[in-house]
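*Asks:* Could you build all of it, start to finish, from the sequences and the hints given here?
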Amino acid sequence: KAAAEGLNEKDRDLIGRIAAIRATVAAGLQQVDAMIAESQRALANLLPDNLAFRTSTNWKLGYAYHLNGDFAAAKAAYQDAIVRSQATGNTIFAIMSHIGLADIYQIEAQLLLAAEHYQSALDLSGEQPLPSVGEAHSGLAQIYYEWNDLDTARRHAEQGLHLGRQWERSDSPIRNEWMLARVQLASGDIAGATAQLAKIVAFMQQFHFTRHLDDVVTTQVLTMLAQNAIAHAAALVQEHPSPLSRARVALAQGDIQTALTVVAAARQEMVAQGRQDKTLRTMALQATVLAAANRREEAVQLLGETLALAEPGGWIRLFVDEGPSLAGLLTQLAPQAALYGVTPAYIATLLAAFPTGDERDVGKADTPPTAPMTVSPIVDQPLPEPLSDREIEVLQLIAAGHKNQEIADELFVSLNTVRYHTKNLYGKLGVNKRTQAVAKAQELRLI
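Remember, our numbering sits 19 above the position in the sequence shown when you count from 1.
Just so you know, the hints here were simulated from the structure itself, not pulled from any lab data. Honestly, I wouldn't trust all of these hints.
[Claimed, not checked] Calculated pairs, BS3-like style, for lysine-lysine (alpha carbon to alpha carbon, straight line, at most 25 Å):
#1 Lys452 with Lys422
#2 Lys94 with Lys297
#3 Lys442 with Lys94
#4 Lys422 with Lys459
#5 Lys422 with Lys447
#6 Lys442 with Lys422
What you are looking at is a predicted structure, and each value in this text was computed from that prediction instead of being measured.
*Replies:* What follows is the structure, given as structure tokens:
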């Protein structure tokens, strides 16, 4: 319209700036349609060399599409913001765009890509990161949890919590507190997880925060079921309905038909929403319910389909958290893995991650919790950011002369996962070659 009215470039740029400011106001009010409309108007009128406004507006447009569930458009806008940020040296919007991209890749179950973008946000944040960078730590905590590297997951959650607490009256700490509870539960510390979740609920009630309520309630239900407190879990689900929690409670009550109905409907909903991460979680639970209904052939087939979708991202806890019933299905599926395009190494990794009988009993009595299933490094690390347990293992195998594929075979992980860990340890050691990494690690007495 501005062009049709014959406005000069300066006036059009002013219109673009006004629209960009309106988009900012709309963002504060979570008015998605207005954010999109004003951002598009701004980009249509801003001068090409007005990189500052264009960068911030691209991020706002990406954020709006993100909220709207249009993930393809959101990723394109975030990528534009990153490119323009590099041209201007404005790292703030680059950081926020990397986090936005990572969140979407996590939704799409692409954990490796998500981890790379979260790490990029941390790399750009410098030695004194803004509180918002805590979201990157939180995202990495979730990813390392899914990779069953509980020690690294805990470390990222603690770092994210430290940053999140710098915001006053913010719900930023909740996501990291919740991750700490999940790590405790996965480690067998049921009492600790229960206490942690109670603290989170009290904090949420004090400030009327609800954004992470579903996640917190879901984990509360899991802790109750782990203690066989089925009645308490059922009461909580009645108060805070959640399809997967409702299905889990119905399964625990022996109401298999209800569990089947609920989980099937939940899967359809997750697919419709484009939530690949939650679809995978729902499929894993559905396989467990089918097995309980003595429909093991269907359960094994569904599990095979789930594994084929999950293996590229290296998902582990997704399956382990379903308990010993799913381990039995994995064992049954193992001889047929090739039919689903699933590698035997992946199934072996999953089976090795399930706790033994003794480990499952921890936390149900007055005994100390088991350690995470990863091997902790036995040396202090004189590095700004310590190597994770898995990175230490990769480094040791590099030092032994193993190639990437050999390392993948040894650790029962994908080749892409090895490359990701190698890239990370190079960055932490400040090197870019294998020989340099080994030399630096030996100098620091890490290996």
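*Asks:* Let me make sure I understand: some of the numbered hints might not hold for this structure. Which ones are they, in numerical order?
*Replies:* Going through the list in order, the structure violates no hint and respects every one.
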